[in-house]
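> Use the sequences and the hints to build the structure in full.
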Amino acid sequence: MAFGPFLLLATLEGLLQAAVLTLTALGLSLVFGVMRVVNVAHGEFYMLGAVVAWWVASMFSLHPAVGFFAALVISPLIVGAIAFASERLILKRLNYDPESTIVATIGMLYIIQQTVLLTYGPDARPVSAPFYYRIQLPWFGYSGYNLFVIAAAIVLLLAVWFVLSRTRLGLIMRATQFDREMAQAFGIPIERVYAFVFAAGAMLAAIAAVLIVPIRQAHYLMGLDPLLLSFIVVILGGLGSLRGTVIAALLIGLSDGIISVFFSPTLAKIISTLLVTLVLVFKPEGLFGAKAR
Amino acid sequence: MLEVSDLDVYHGSSKTLQGMSLTVEKGEVLCLLGRNGAGKTTTLRAIMGLATAGAGSIRLDGTEISALPAHERPRLGIGYVPQGRRLFSELTVRENLEIGMMTRRSPQRVLDETLSLFPRLQERLGQVSGTLSGGEQQMLATARALCIDPKVILLDEPTEGLMPSMIATIRDVVVTLRNQGKAILLVEQRVEAVLSIADRFCFVENGKAQAVMPVEALRADPSLLSRYVGVG
Chain A
1 MAFGPFLLLA TLEGLLQAAV LTLTALGLSL VFGVMRVVNV AHGEFYMLGA VVAWWVASMF
61 SLHPAVGFFA ALVISPLIVG AIAFASERLI LKRLNYDPES TIVATIGMLY IIQQTVLLTY
121 GPDARPVSAP FYYRIQLPWF GYSGYNLFVI AAAIVLLLAV WFVLSRTRLG LIMRATQFDR
181 EMAQAFGIPI ERVYAFVFAA GAMLAAIAAV LIVPIRQAHY LMGLDPLLLS FIVVILGGLG
241 SLRGTVIAAL LIGLSDGIIS VFFSPTLAKI ISTLLVTLVL VFKPEGLFGA KAR
Chain B
1 MLEVSDLDVY HGSSKTLQGM SLTVEKGEVL CLLGRNGAGK TTTLRAIMGL ATAGAGSIRL
61 DGTEISALPA HERPRLGIGY VPQGRRLFSE LTVRENLEIG MMTRRSPQRV LDETLSLFPR
121 LQERLGQVSG TLSGGEQQML ATARALCIDP KVILLDEPTE GLMPSMIATI RDVVVTLRNQ
181 GKAILLVEQR VEAVLSIADR FCFVENGKAQ AVMPVEALRA DPSLLSRYVG VG
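The listed protein sequences derive, respectively, from chains A and B. Quick note: the first sequence, position 204, residue 204 per my numbering, numbers continuous. Quick note: the second sequence, position 39, residue 39 per my numbering, numbers continuous.
FYI, nobody ran anything at the bench for these hints, they're computed from the structure. Careful, some of the hints might be misleading.
[Claimed, not checked] Calculated from the model, a selection of chain A residues having no Cβ within reach of chain B, i.e. all distances over 10 Å:
id : residue
1  : R168
2  : A175
3  : M182
4  : Q184
5  : I188
6  : I190
7  : F196
8  : R243
[Unchecked claim] Covered stretches of chain B (chain A as the covering partner; in silico rule of three or more C-beta atoms under 8 Å from a C-beta of chain A):
id : region
9  : 17-27
10 : 55-67
11 : 89-100
Backbone N, C-alpha and C define an ideal beta-carbon position, used for all residues, glycine too.
Right under this line is the structure:
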């Protein structure tokens with residue numbers, strides 16, 4: 001294949017990667033921004049999303065699309081409920097202390113991961129894509145489903161942006177993020193906001209996982225890479241900045257996809273990590289983050 | 001209207017209020033005076049539920065509120081204008097006011113009335129509040145609390161760092177609110193700024209009200225000020 005088409009293919013792969021990464025990182029960024037909690041278990045909510053999707057899809061023996069779309073609704077709800085419960089039972093009791101919650105979420109990471117290993121097992125299992133449609137380009141054929149994932153991620157991003165910037169709920173979340181004490185002084189029940197945000201963050205990761213599981217299979221260790229990449233994106237984009245998260249996810253996703261296709265996935269990770277190191281040294285608040293107040 | 005009695009507040013292991021008592025009535029301005037660290041700001045924070053109160057009681061219209069979580073207190077009609085304004089500085093003026101309006105689901109009339117007190121804010125509704133001037137930020141912090149449609153207003157050093165013309169504006173607003181029948185609890189360092197608007201003064205020292213007196217007593221004997229606060 002010539003260089004041009006090869007670059008196009010790599011870019012499409014990068015966009016796919018960026019789409020899933022944006023959703024996952026957005027969840028992490030939201031939780032950190034509003035709650036100041038570094039959720040190390042975020043990748044496990046992603047993994048749970050994929051595993052539950054497999055479980056839901058395998059219960060429907062009708063057309064694959066039925067199983068898939070059922071999973072797209074049910075899996076985020078179940079993962080959200082689990083996140084909500086762990087917020088009430090663990091993070092709330094730690095009073096959202098930044099250091100204790102890091103240790104607690106590391107614990108959650110292992111509990112979720114090992115529970116899945118014990119019940120679901122060590123195998124990677126696929127979920128069928130809701131449709132098979134190959135778009136035939138002059139140089140290669142490309143999966144229509146991959147484009148669907150990119151489009152779905154864009155729609156979800158716009159929805160999140162709309163909620164955050166144009167609704168009452170978004171205003172409450174932003175007020176809590178900027179000053180939790182003043183939010184309380186204006187009647188905002190911040191603990192309820194926290195529980196909601198933690199569940200919503202986990203649901204974003206779960207949705208990303210359901211979207212990707214027809215392309216990459218569900219496996220109990222699949223949460224580790226997205227966790228690392230999400231942290232890279234969130235640090236690069238600036239903590240709690242929606243715009244920064246989206247731009248950094250595009251940057252990292254595209255470069256990861258392109259470098260993986262042309263060179264190797266390992267080199268892609270090395271470069272992303274190096275980028276984060278440079279940002280931390282020269283612009284610690286991230287590319288779009290506000291300076292710490 | 002608002003009645004604090006024998007209130008203790010702990011900050012870590014140290015006691016920042018010990019047996020603080022005060023009352024503010026409808027249509028009255030009570031001014032807390034005292035040195036830095038005397039416990040004035042802590043008193044306001046304790047009323048809002050932002051400082052952990054130990055023994056003692058806080059009553060609003062006879063209802064005990066000291067056991068209520070912080071977010072439920074403003075819903076009973078307590079508006080708070082904190083020290084240093086503490087605006088949601090990345091939100092616009094309109095959004096800051098909306099948060100005030102949401103607290104008790106105030107009707108539109110409240111917003112209109114509030115903006116009529118601060119016409120300058122009306123012109124700046126779309127502006128990000130962190131970019132306002134100091135005086136405008138103070139107006140917004142006050143307006144945000146008024147959007148609650150409060151019965152009681154707690155104002156913590158509203159004239160701090162403001163130009164004289166701005167201080168006059170804030171003072172006029174406080175008088176208007178008092179005349180509307182609101183109970184106002186004011187913390188102020190600059191006695192001269194409040195001598196004309198306060199009805200009673202409460203001297204705070206070591207986390208306790210040492211003396212309460214009407215403004216007339218202070219006017220008649222200015223030496224009281226230096227005795228209690230070391231200024232004047």
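> Hint by hint, say whether it matches the structure.
How the hints compare with the structure:
Chain B draws R168 (chain A) into its interface by the beta-carbon criterion, the shortest separation being 7 Å against a cut-off of 10 Å. Against chain B, the non-interface label of A175 (chain A) is violated: not every CB pair exceeds 10 Å, the least being about 5 Å. The Cβ of M182 (chain A) does not lie farther than 10 Å from every Cβ of chain B; its closest approach is about 5 Å, which violates its non-interface assignment. For Q184 (chain A), the shortest C-beta to C-beta distance to chain B comes to about 4 Å, within the 10 Å cut-off, and the non-interface label is violated.
Residue-level check failed: I188 (chain A) sits 6 Å from the nearest beta carbon of chain B, not beyond 10 Å. At roughly 7 Å from the closest C-beta of chain B, the C-beta of I190 (chain A) falls inside 10 Å, breaking its exclusion from the interface. Non-interface call for F196 (chain A) relative to chain B: holds, since the shortest CB-CB distance, roughly 14 Å, exceeds 10 Å. Residue-level check passed: R243 (chain A) sits 13 Å from the nearest beta carbon of chain B, beyond 10 Å.
Counting residues of the region 17-27 of chain B whose C-beta lies closer than 8 Å to any C-beta of chain A gives 0; at least three are required, and the coverage claim is violated. For the region 55-67 of chain B, the stated coverage by chain A is violated: 0 residues have a C-beta nearer than 8 Å to a C-beta of that chain, whereas at least 3 were required. Only when three residues or more bring their CB closer than 8 Å to a CB of chain A does the claim for the region 89-100 of chain B stand; here the count is 7, and the claim holds.
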